[in-house]
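Colleague: Sequence:
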Amino acid sequence: MRNRFHSLSYLFFGLVILCTACRTDPKVPVVLEDTVVNMRVSGDPLGLNYLLNYDGTASLIMPQIFLPLMNFNPISYELEPVLVKGQPIIKEVTDGANKGLNSYTFELQEAATWGDGTPITAKDVAFTLKAIYNPNYPSPYPSYFNFVKQIVIDTNNPKALTIFADKHNAALFTIGNVSVMPAHILDPNNIYDNYSLADLKDPKNKQKLSEEAGLKEVAALFTSPKTMGREGELNGSGPYKLSKWETGQSLTLIKKDNWWGDALAKNNRMLMAKPKKIVYKIIPDMNATISLMRNEGVDVLSKVSVGEFNKLKEDPFFKKNYNFYTPEMIAHRFIYINTTDARLEDKRVRQALAHLLNLEEIYETIYGGDKNPVTSPIHPTKPYYNKNLAAITYNIDKAKALLKEAGWADANNNGVLDKMIDGELQELNLRLSHKNSFNDWINIAALFQESAKAAGVNIIPTPLESKPLQQGWKQKDYELSFSGSTWLPAHKNLYQKWHSKSRGNYSAFGTSESDALIEEINKTIDEDKLAELYTRFQDIIYEEQPVIFINTASDHIIVNKKYGNVTTSAIPPRVFVNEFALQTVPVNVSNN
Numbered sequence: 001m002r003n004r005f006h007s008l009s010y011l012f013f014g015l016v017i018l019c020t021a022c023r024t025d026p027k028v029p030v031v032l033e034d035t036v037v038n039m040r041v042s043g044d045p046l047g048l049n050y051l052l053n054y055d056g057t058a059s060l061i062m063p064q065i066f067l068p069l070m071n072f073n074p075i076s077y078e079l080e081p082v083l084v085k086g087q088p089i090i091k092e093v094t095d096g097a098n099k100g101l102n103s104y105t106f107e108l109q110e111a112a113t114w115g116d117g118t119p120i121t122a123k124d125v126a127f128t129l130k131a132i133y134n135p136n137y138p139s140p141y142p143s144y145f146n147f148v149k150q151i152v153i154d155t156n157n158p159k160a161l162t163i164f165a166d167k168h169n170a171a172l173f174t175i176g177n178v179s180v181m182p183a184h185i186l187d188p189n190n191i192y193d194n195y196s197l198a199d200l201k202d203p204k205n206k207q208k209l210s211e212e213a214g215l216k217e218v219a220a221l222f223t224s225p226k227t228m229g230r231e232g233e234l235n236g237s238g239p240y241k242l243s244k245w246e247t248g249q250s251l252t253l254i255k256k257d258n259w260w261g262d263a264l265a266k267n268n269r270m271l272m273a274k275p276k277k278i279v280y281k282i283i284p285d286m287n288a289t290i291s292l293m294r295n296e297g298v299d300v301l302s303k304v305s306v307g308e309f310n311k312l313k314e315d316p317f318f319k320k321n322y323n324f325y326t327p328e329m330i331a332h333r334f335i336y337i338n339t340t341d342a343r344l345e346d347k348r349v350r351q352a353l354a355h356l357l358n359l360e361e362i363y364e365t366i367y368g369g370d371k372n373p374v375t376s377p378i379h380p381t382k383p384y385y386n387k388n389l390a391a392i393t394y395n396i397d398k399a400k401a402l403l404k405e406a407g408w409a410d411a412n413n414n415g416v417l418d419k420m421i422d423g424e425l426q427e428l429n430l431r432l433s434h435k436n437s438f439n440d441w442i443n444i445a446a447l448f449q450e451s452a453k454a455a456g457v458n459i460i461p462t463p464l465e466s467k468p469l470q471q472g473w474k475q476k477d478y479e480l481s482f483s484g485s486t487w488l489p490a491h492k493n494l495y496q497k498w499h500s501k502s503r504g505n506y507s508a509f510g511t512s513e514s515d516a517l518i519e520e521i522n523k524t525i526d527e528d529k530l531a532e533l534y535t536r537f538q539d540i541i542y543e544e545q546p547v548i549f550i551n552t553a554s555d556h557i558i559v560n561k562k563y564g565n566v567t568t569s570a571i572p573p574r575v576f577v578n579e580f581a582l583q584t585v586p587v588n589v590s591n592n
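Take the sequence shown: its letter number 298 is residue 298 in this note's numbering, and every next letter is one higher.
Worth flagging that the hints you see were computed from the coordinates, not collected in a lab.
Here the structure is a predicted model, which is why all the values come from computation and not from measurement.
Mixed in with the good hints, there may be bad ones.
[Stated by the list, open to error] Using C-beta positions, here's what the derived DEER-type ranges look like: (1) Arg536 x Asp397: 37 to 43 Å; (2) Lys474 x Asp166: 48 to 54 Å; (3) Asn395 x Thr94: 53 to 59 Å; (4) Lys523 x Lys319: 49 to 55 Å; (5) Glu532 x Asp477: 36 to 42 Å; (6) Ser243 x Lys319: 32 to 38 Å.
Positions of the beta carbon are idealized from the N, C-alpha and C atoms, including for glycine.
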């Protein structure tokens with residue numbers, strides 16, 4: 001009896017302490033351990049090699065596995081250290097072989113290691129930048145790093161290096177934001193030690209280098225499923241490792257034991273990693289996703305269509321169990337036009353298509369009255385956005401006149417305009433490809449199809465999975481295609497998407513003037529001069545219409561209320577699941 005009395009006393013005493021704590025600070029959350037976050041993605045990533053491809057799904061997963069030297073803080077938008085100790089030392093070189101260049105000296109974190117315990121060194125950074133230029137696989141990044149000239153590793157400190165580069169208004173962001181890859185795994189025989197960055201970048205060497213056995217050897221390893229995620233663990237610098245990838249089902253990341261960044265995360269939120277496990281569930285169908293969310297099978301949903309988002313906000317179950325976020329994106333939505341298609345080479349045809357897209361109807365019916373029009377590749381928040389360019393209005397008569405002027409007529413009276421091109425009758429039957437699971441694109445495509453009929457243009461909505469959609473862009477095997485562009489708070493580098501020599505220029509538009517402007521923009525530091533150059537470039541794009549701009553964008557994100565530390569931002573990936581923690585909130589006990 002006495003023992004029972006003591007047990008009850010201890011229980012009562014414990015409850016008193018708990019309630020006292022609640023009264024003292026009723027709003028402090030109690031963090032629960034072993035958090036598992038389930039996030040929906042619409043499809044498999046094209047791969048998990050940063051230097052080969054970086055699609056939407058990969059952009060969510062890769063930052064958990066491979067870290068950059070620096071990254072943008074999601075709150076302050078400032079570029080902050082991740083793999084490096086602090087801001088680089090930046091100097092203008094005034095003599096020697098690199099005279100006129102800028103130098104950027106970085107020192108890596110002492111504690112930083114790969115998943116197998118090997119230290120992350122300057123050699124890994126040099127390897128990463130060199131690997132971009134191996135001619136035996138198509139990396140999308142060479143044009144981003146054209147301004148980088150030389151990499152020098154400190155002979156006295158393997159954790160330090162200096163990068164020499166042309167003056168470039170996005171240099172620090174571009175260099176600092178590259179995700180570093182492990183040289184000891186991907187180049188175990190030190191093949192790249194035999195080549196300078198200049199050797200690899202020189203186009204005159206491309207054919208010769210593509211035939212060299214060493215570069216073929218590292219290319220095979222670099223692209224193999226075994227080393228890059230399809231089989232086994234990805235050996236990265238980040239807090240998580242790939243535990244399992246079931247194609248079409250899910251990718252599972254688990255937190256590394258004794259990860260080096262945990263000791264530094266208290267003073268550097270860029271290294272924060274709280275969940276024990278992150279599961280990316282591959283669910284193309286939105287209805288299936290919502291059903292799983294009702295059973296708590298999915299905790300995080302991003303890139304929700306506006307209509308679906310607004311509907312779920314009013315759903316009693318979702319109101320009770322989920323929070324809704326709409327972070328602004330430094331981004332815009334548009335329709336690519338394949339200017340290599342003979343029917344679409346004439347700018348008058350492209351201008352006519354722009355006049356057949358009823359933006360006001362789209363804003364009202366798809367985006368709930370939010371307009372946010374945009375007329376160029378530059379985001380309206382930028383000081384050099386060209387405000388003198390008016391949004392192109394829906395105007396069937398104008399579209400008909402432009403098409404007639406370009407030589408299009410309905411010679412066979414079937415309701416679709418046609419024209420003789422290279423001795424063959426061509427009709428304006430235009431596929432409009434889009435991601436098959438995104439309702440906004442599906443609905444806009446239907447509206448475009450209907451509005452274009454009146455001018456004799458047959459728009460054919462063509463839903464595709466992510467991989468064939470992007471392959472179509474790369475191979476120019478499409479006519480029209482929905483897409484979006486997002487970037488970080490730095491000067492807009494137009495080369496990758498707009499220069500005629502870039503693989504990433506999916507509309508294939510470019511003139512000698514537009515190319516020259518892009519090159520001049522990148523090396524211009526003076527802000528007034530920069531604004532003039534950007535303005536002229538926007539004038540050209542507006543006149544030529546190689547894409548049809550729709551609007552700027554916000555993300556629409558839904559997160560289960562059981563998580564704390566939910567940060568959303570304009571900075572990709574816009575919802576930071578690495579900071580999530582399960583939590584309960586103590587009952588607010590009255591002090592009376």
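Colleague: Each hint needs a verdict: does it hold in this structure or not?
Modeller: Going through the hints against the structure:
no. : hint                        : verdict
1   : Arg536 x Asp397: 37 to 43 Å : violated (30 Å)
2   : Lys474 x Asp166: 48 to 54 Å : violated (28 Å)
3   : Asn395 x Thr94: 53 to 59 Å  : holds (57 Å)
4   : Lys523 x Lys319: 49 to 55 Å : holds (52 Å)
5   : Glu532 x Asp477: 36 to 42 Å : holds (37 Å)
6   : Ser243 x Lys319: 32 to 38 Å : holds (34 Å)
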